[in-house]
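The lines below spell out each chain.
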Amino acid sequence: MLSIKNLHASVEGTPILRGINLEVKAGEVHAIMGPNGSGKSTLASVLAGREEYEVTEGEVIFQGKELLEMAPEDRAREGVFLAFQYPVEIPGVSSTNFLRTALNQVREYRGQEPLDAVKFLSLMKEKMALVEIDQKLLSRSLNEGFSGGEKKRNEIFQMAMLEPTLSILDETDSGLDIDALKIVSNGVNKLKSDKTATIVVTHYQRLLDYIVPDYVHVLYKGRIVKSGTKELALELEEKGYDWIKEEVDSATV
Amino acid sequence: MSTLTKQDTIQGLLASAPANFSSIRLKGKECLDKQGLPALKAEEYKFTPITKKLETSISSFSPALPVSISPEMVNSSVFKGFDGDILVFSNGNYLPELSSKIAGVEVALLSEKESTALGSVAKPEKDAFAALNQATFQDGIFISVPKKAKIEKPILLLSFCQSNEGQVIQPRVWIETGDFAEVTFMDLSVSLDDSAYFVNKVVEIKGGINSQINYYRIQNEGKSAIEVSNIETDIQRDAKFTSVNLSLSGDMVRNNLSLNLLGSNSEGNMYGIYLLNGKTHVDNHTNVDHTIPHAESNELYKGILADQSRGVFNGKIFVRQDAQKTNAFQQNNNILLSEDAIVNTKPQLEIWADDVKCSHGCTVGQLDEEALFYIQSRGIDQLTAKGLLLYAFAGEVLEKIEDESFRDYAIGLIQERLGSKF
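Read top to bottom, the protein sequences are chains Y and W.
My numbering applies: residue 1 is where the first sequence begins, and numbers increase by one.
My numbering applies: residue 1 is where the second sequence begins, and numbers increase by one.
Looking at chain Y on its own, in the form it has when it is part of the complex:
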């Protein structure tokens, strides 16, 4: 589904990603872990098309298409979804209007009929139940005045509405208490299928107790320096990242 080859990216001339290689197949869950500043969020942002990152080398093929050549909205329409680490508050834009506009543009791109107000609302109700989000939140401006947990839940709700093929969760767990984490993870798990894939970017192993990964990759200094199964995450939880840093740093000296 997703094939990342030798991806290099920089911000304002500073290289952040220095040759990422990653293959993700339908039905898989990949966790990307790593110490702060290793490039985890950059990878997520580059995949979603954030402009301030300049791709200097490499390619990303998503379902046979060159992902990096597409505008952010086309990536979304093709089925890529990024759950933001810091969802943006947008005063004056109602959540409902926003989602309806988004969903209908995505549907149009996919050759589907737009949803009328009634069908849209019933779809919303169904998906709201999935992430246990309160209707009251959605009648407000997008993310405005939401708590951290509410914002993250709203990300997963949007994901549920847009039904992406590839979901990228950027530190969706950070700042959540256990209950909120369970709700969010539960939502993500219900949305998984053998046709979709998930990339979970996280600093902590805790999330992976709830969203169980097939593969765990460790990102350090812009490269994937170690890959393994969920046991690797447990090992990282226990021993921290220092042993990996040492391993990599001594190898490159």
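Simulated from the structure, these hints should not be mistaken for laboratory data.
Careful: at least some of the hints might be erroneous.
[Stated by the list, open to error] Negatives, chain W to chain Y, calculated, CB over 10 Å:
| id | residue |
| --- | --- |
| 1 | Ala39 |
| 2 | Ser59 |
| 3 | Asn75 |
| 4 | Ser76 |
| 5 | Glu369 |
[Claimed, not checked] Computed spacing ranges between beta-carbons, pair by pair:
| id | chain 1 | residue 1 | chain 2 | residue 2 | range |
| --- | --- | --- | --- | --- | --- |
| 6 | W | Gly278 | Y | Val248 | 52 to 60 Å |
| 7 | Y | Asn97 | W | Ser60 | 44 to 52 Å |
| 8 | Y | Asn97 | W | Phe329 | 23 to 31 Å |
| 9 | Y | Glu12 | W | Glu396 | 46 to 54 Å |
[Claimed, not checked] With a cut-off of at most 30 Å between alpha-carbon atoms, the simulated DSSO-like pairs for lysine-lysine come out as follows:
| id | chain 1 | residue 1 | chain 2 | residue 2 |
| --- | --- | --- | --- | --- |
| 10 | W | Lys27 | W | Lys41 |
| 11 | W | Lys400 | Y | Lys136 |
| 12 | W | Lys80 | Y | Lys119 |
| 13 | Y | Lys65 | Y | Lys190 |
| 14 | Y | Lys239 | Y | Lys182 |
| 15 | W | Lys34 | W | Lys400 |
As the structure is a computational prediction, the values presented were derived from the model and not from experiment.
Ideal Cβ positions, reconstructed from N, Cα and C, are used throughout, including at glycine.
Following the hints, position chain W against chain Y.
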């Protein structure tokens, strides 16, 4: 001194001024002679070189005669959902035969009401264009809402403008409301073609005790229209006046909006949006005068400027020494969409009382890139994403419009301009 004040240019206007209101006209002429039309560096007009614009764009400084207006033209110019009475004007001249008879409201030509104290609200000493209008207006309209009358339906002032030779249109409107009266006015102008003309408009509003007056206005005229308006309101105690002004088009537009709070517990609100493109230049000069204690004023203007457009905001608030316990708030926010767009914004507070609550603020910025990316990342194209953000930006002002059909009309115009529906 500008060439316009050397009299030969405005001679045509002076020569064709009617004989009525002689002492009032004389006062206007004296004030005009004293001030002259604003010179290039005149402080009050320093960002808006209106006199120069008139010299280069207006070929015939004489009154534009009324053009013929049909009932079909009136019908097709009224926005969808409007339910109210219509007063029709052609080049500033009130046309009773095409206008509604409004139950409970007295409407007359100004020439039939020569005792009207024109110039007592919009004072000719304060602005040369107000003085010019006072000296040389042709005829105008007198509207009186009696005491305790609640006028349920809005009154639409619908002005048609067309001047093939670049002439001058000088509407003169007098509105008075009795104590406890309630009324909503809507002010729309329609350019019949794209030729240049100069509108020099004066609206005077006198609000009685505990009266409630709304004045909603949309400026969406031809790209060559030049306009100066002086709208000034006096309100008495416990009264409330709300102005909402939406500027969308024109060549050079200057709005002088002044509000005099003359009685305690009165409330004045001035809201505006200027959404500009091309080379349109819109200048909003507002003036609130708190003369007495316990009054409140709120002001919020938002600007969105594309292409080479230019916006000017100047918000003056006077709080006089007696005006203790005043609440006065002012805010002006701008988004520039192009490198060539310019905005000049200036809050100007003069506070002589010592127990007041006043605030002001202005911002000039660009669209929030992070918000834009967030919206696009959900599958919404960039144009619509920008539209959503800009519409949200303007929304805070739009929600001040109480009349639903007018609000929907304003929203429709804004969405059309922003190139997206949502």
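Each hint, compared with the structure:
1. Remark: the non-interface label on Ala39/W is consistent with the geometry, its nearest Cβ contact in chain Y lying 42 Å away (cut-off 10 Å).
2. With a least CB separation of 44 Å from chain Y, Ser59/W remains clear of the 10 Å interface cut-off, as annotated.
3. Every CB of chain Y is more than 10 Å from the CB of Asn75/W (nearest about 31 Å), matching its label as outside the interface.
4. With a closest Cβ-Cβ approach of about 30 Å to chain Y, Ser76/W is found to remain outside the 10 Å limit, as its non-interface label requires.
5. With a minimum CB-CB distance of about 7 Å to chain Y, Glu369/W fails to clear the 10 Å threshold, and the non-interface call is violated.
6. Remark: the range hint 52 to 60 Å for Gly278/W to Val248/Y is upheld by a beta-carbon distance near 58 Å.
7. Here the CB-CB span from Asn97/Y to Ser60/W is close to 49 Å, well matched to the stated 44 to 52 Å.
8. For the pair Asn97/Y and Phe329/W, the supplied restraint of 23 to 31 Å holds, since their beta-carbon distance comes to about 29 Å.
9. For Glu12/Y paired with Glu396/W, a C-beta distance near 34 Å fails the hint of 46 to 54 Å.
10. As the CA atoms of Lys27/W and Lys41/W are separated by approximately 25 Å, the hinted pair is consistent with the 30 Å bound.
11. With a C-alpha separation of about 23 Å, the suggested pairing of Lys400/W with Lys136/Y holds against the 30 Å cut-off.
12. Annotation: proposed proximity of Lys80/W to Lys119/Y holds, straight-line Cα distance about 28 Å (limit 30 Å).
13. At roughly 27 Å between alpha-carbon atoms, Lys65/Y and Lys190/Y fall within 30 Å of each other, so this suggested pair holds.
14. Of the pairs offered as hints, the one joining Lys239/Y and Lys182/Y holds, with about 25 Å between alpha carbons and a cut-off of 30 Å not exceeded.
15. Of the supplied pair hints, the one linking Lys34/W and Lys400/W is violated, its CA atoms being roughly 39 Å apart against a limit of 30 Å.
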